[in-house]
Amino acid sequence: MNFKVEGKPVFAYTADHELAPKKPTLVFVHGAGLDHSVFALQSRYFGYHGWNVLALDLPGHGRSAGPPIPSIEALADWVLEVLKHVKIQKPGVIGHSMGSLIALEYAARHAAERIALIGTAYPMKVSEAFLEAARNNQHAAFDMETIWGHAPQVPLGGNPNPGMWMYGDTLARLHRLAPGVLYNDLKACNDYSGGLESAAKVRCPALFILGRRDVMTPPKASQSLSQALKNSRTVTLESSGHSLMAEAPDATLDALTEFFPREADL
Amino acid sequence: MAGPKYPGFDTLALHAGQSPDPATGSRAVPIYQTAAYVFRDTEHAASLFNMERAGHVYSRISNPTVAVLEERVAALEGGVGAVATASGQAALHLAIATLMDAGSHIVASTALYGGSHNLLAYTLGRFGIETTFVSPRDPENFRRALKGNTRLLFGETLGNPGLDVLDIPAVAAIAHEAKLPLLVDSTFTTPYLMQPFALGADLLYHSATKFLGGHGVAIAGVLVDSGRFDWEASGKFATLTAPYQGFHDMDFEEESGTRAFLLRARREGLRDFGACMAPMTAFQILQGIETLHLRMPRHVESTRRIIAFLEKHSAVEKVIYPELPSHPDYELCRKLLPKGAGAVFSFEIKGGRPAGRAFIEALRVFSHLANVGDAKSLVIHPATTTHYRMSDADLKRAGITAGTVRLSIGLEDPQDLIIDLERALKAAVK
Chain A
1 MNFKVEGKPV
11 FAYTADHELA
21 PKKPTLVFVH
31 GAGLDHSVFA
41 LQSRYFGYHG
51 WNVLALDLPG
61 HGRSAGPPIP
71 SIEALADWVL
81 EVLKHVKIQK
91 PGVIGHSMGS
101 LIALEYAARH
111 AAERIALIGT
121 AYPMKVSEAF
131 LEAARNNQHA
141 AFDMETIWGH
151 APQVPLGGNP
161 NPGMWMYGDT
171 LARLHRLAPG
181 VLYNDLKACN
191 DYSGGLESAA
201 KVRCPALFIL
211 GRRDVMTPPK
221 ASQSLSQALK
231 NSRTVTLESS
241 GHSLMAEAPD
251 ATLDALTEFF
261 PREADL
Chain B
1001 MAGPKYPGFD
1011 TLALHAGQSP
1021 DPATGSRAVP
1031 IYQTAAYVFR
1041 DTEHAASLFN
1051 MERAGHVYSR
1061 ISNPTVAVLE
1071 ERVAALEGGV
1081 GAVATASGQA
1091 ALHLAIATLM
1101 DAGSHIVAST
1111 ALYGGSHNLL
1121 AYTLGRFGIE
1131 TTFVSPRDPE
1141 NFRRALKGNT
1151 RLLFGETLGN
1161 PGLDVLDIPA
1171 VAAIAHEAKL
1181 PLLVDSTFTT
1191 PYLMQPFALG
1201 ADLLYHSATK
1211 FLGGHGVAIA
1221 GVLVDSGRFD
1231 WEASGKFATL
1241 TAPYQGFHDM
1251 DFEEESGTRA
1261 FLLRARREGL
1271 RDFGACMAPM
1281 TAFQILQGIE
1291 TLHLRMPRHV
1301 ESTRRIIAFL
1311 EKHSAVEKVI
1321 YPELPSHPDY
1331 ELCRKLLPKG
1341 AGAVFSFEIK
1351 GGRPAGRAFI
1361 EALRVFSHLA
1371 NVGDAKSLVI
1381 HPATTTHYRM
1391 SDADLKRAGI
1401 TAGTVRLSIG
1411 LEDPQDLIID
1421 LERALKAAVK
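Protein sequence lines, in the order shown, are assigned to chains A and B.
So in the numbering used here, spot 111 of the first sequence is number 111, and the numbers just go up one at a time.
Count along the second sequence starting at 1, add 1000, and that's the number in the numbering used here.
Simulated from the structure, these hints should not be mistaken for laboratory data.
Remember, it's a predicted structure, so these values are computed and weren't measured experimentally.
Some clues are possibly wrong.
[To be verified] Computed cross-link-like contacts, DSS-like style, restricted to lysine-lysine with a CA-CA straight-line distance of at most 25 Å:
(1) A:K4 x B:K1236
(2) A:K187 x B:K1005
(3) A:K201 x A:K87
(4) B:K1350 x B:K1318
(5) B:K1318 x B:K1339
(6) A:K4 x A:K22
(7) A:K220 x A:K187
(8) B:K1236 x A:K8
(9) B:K1312 x B:K1350
(10) A:K90 x A:K220
(11) B:K1236 x B:K1179
(12) A:K125 x B:K1005
Model the full assembly from the supplied sequences, consistent with the hints where possible.
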């Protein structure tokens, strides 16, 4: 669906359904330089199983107009503005990578039913070389995001999605970005410093979905966050890297469906 | 700090798309010779049909062996993915049918394979899709032929029959200014010699029957998408950006962004037109791709040796190959094809049709047939075969003469090929 927030066009994928006030809502928040379609399979599933789905394009990404928002805190507040616009309160929030920090911050600041943090770490420090390449809009930044963003076996292994090449998909998304957007996102991750304090404020249950072979946010890098959250559990997917929704789409969906109650249970 | 590295071309040619089979440990790509796949339960079935889970339902839509080939070619080309088809012609048809409806228009190069020309000039017109053909020698010809209903620019990386080198960066720029994609037939160059996406093309396809397979045992095609063309921003592709009643009102671009074109090609094109690839065919093409990086340099090297021989022969009027300074695209070839201009070329034999016929009859190693890109060397004389009904004037308009001979240089000992050619040329001038 297309709408405007603070005067700027915003797009959210709703899995072909109108938002219904009586249904529970899941908000999907993508990672740095990406867009709503990284959750294509998972968001479609929930949309067809009794949930309102809002898979967002953050400002400056996908179909949402820029400029990009430069901090995790401001992005969390922007998500609230979106939800106010569509009259949704207390959603479940599912975030991947940068989106996981936004989900965390959202739950610390605003009411959330549950949060799922996929491929997360705290602090989410970005190497100086990666930041520098992104700052200069060099292709090397796309290469780093692509290669570090998948498990090492991905370029040689089979894609669960028939006929697709995961590296090519990530690169194509990055090529569509306006200059500066990837740097904005990476810097927002790198600069985010209130994670532990925010985690302590979160009252809702949290689920971590981590990839054992994630080289960008390895599982051990989320330990401080899981300890700071009062009610969390972790699912680790053995063969997956950072792009869990693409590398292990079914296992990611299974973890999410177990954490968020099914249609029949509503 | 050195950045991370992608696997090299040779490694991708051998591995991309397949990890050892988890069920059996099979190192080779298994041939999944099955029409359909058992669902775990009813919900799993519903999720697969509704595209909520990844997987296979029916082998016309996708198959695990075919998917390895698709992913491997996409990796070699730097694309987002691929759809394998029953032939190269099926790949071209699938690309066009995915992009446009009746009332649309294509601007295509005149330098096309005859089958592609037939499809565009005669067959698609019956379905309301018109094509304007332009000489690719001046890229501006493409711009001049654009109309309000144009939906695609199309050419071959190395065009038939004169091996015109398509100036992909220039034609792509014209296409993108008009918010249109550029599709190229990359059969003659393969991803080893040229990667069109890096030069600006948006879509490409191969007749995988040729160099990708290399063995001439299977008819096959593969259509690859760069994933970089923004269909939504273009605003000209309702098939990808408007609700599709044939799949629950799905808006393919909204659903999947970079994967929109391939999603529709698979979910509509393979489902409804049905020109899918058989798993055995995919396996056979994969066997060829595993040595593509070894075969192509040898093809090119042998071609260069044979051209050097033919250029000096008194029975040869002219050799047409873009690496020769006499070819009009010599400079462009040096720029776009630094690894070589392939292994298919033409030369003109003195003496017209009778000489051409005598030359063909005298060959012993070259096989006289209508194909290219085989490990075995091939020859055809258009004036007595594919173009035999044409007058000399019509041949000239097609860019060939009564003495034109097309060779596809294989992997035999090049000295044996030269001996064979020498004997045949001697017979031709008798």
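Okay, the hints, checked on the actual structure:
This hinted pair checks out: A:K4 and B:K1236 have alpha carbons roughly 24 Å apart, not beyond 25 Å. Between A:K187 and B:K1005, the direct Cα distance comes to roughly 23 Å. Compliance with the 25 Å bound is thereby established for this hinted pair. A C-alpha spacing of about 24 Å is found between A:K201 and A:K87, which places the hinted pair at or below 25 Å, so the restraint holds. Among the hinted pairs, B:K1350 with B:K1318 is consistent with the structure: their alpha-carbon atoms are about 9 Å apart, no more than 25 Å.
About 23 Å separates the Cα atoms of B:K1318 and B:K1339, which keeps this hinted pair within 25 Å; it holds. Restraint check for A:K4 and A:K22: satisfied, since their Cα atoms lie roughly 23 Å apart, inside the 25 Å limit. For the hint pairing A:K220 with A:K187, the CA-to-CA distance comes to about 22 Å; that is within 25 Å, so the pair holds. Distance restraint check for B:K1236 and A:K8: the Cα-Cα separation of roughly 24 Å lies within the 25 Å cut-off, and the hinted pair is therefore satisfied.
For a cut-off of 25 Å, the pair hint linking B:K1312 to B:K1350 stands: about 13 Å separates their Cα positions. Distance hint between A:K90 and A:K220 is unfulfilled; the C-alpha atoms sit about 30 Å from each other, more than 25 Å. Of the pairs offered as hints, the one joining B:K1236 and B:K1179 holds, with about 8 Å between alpha carbons and a cut-off of 25 Å not exceeded. Restraint check for A:K125 and B:K1005: satisfied, since their Cα atoms lie roughly 21 Å apart, inside the 25 Å limit.
The structure fails to meet hint 10 from the earlier list, while all remaining hints are met.
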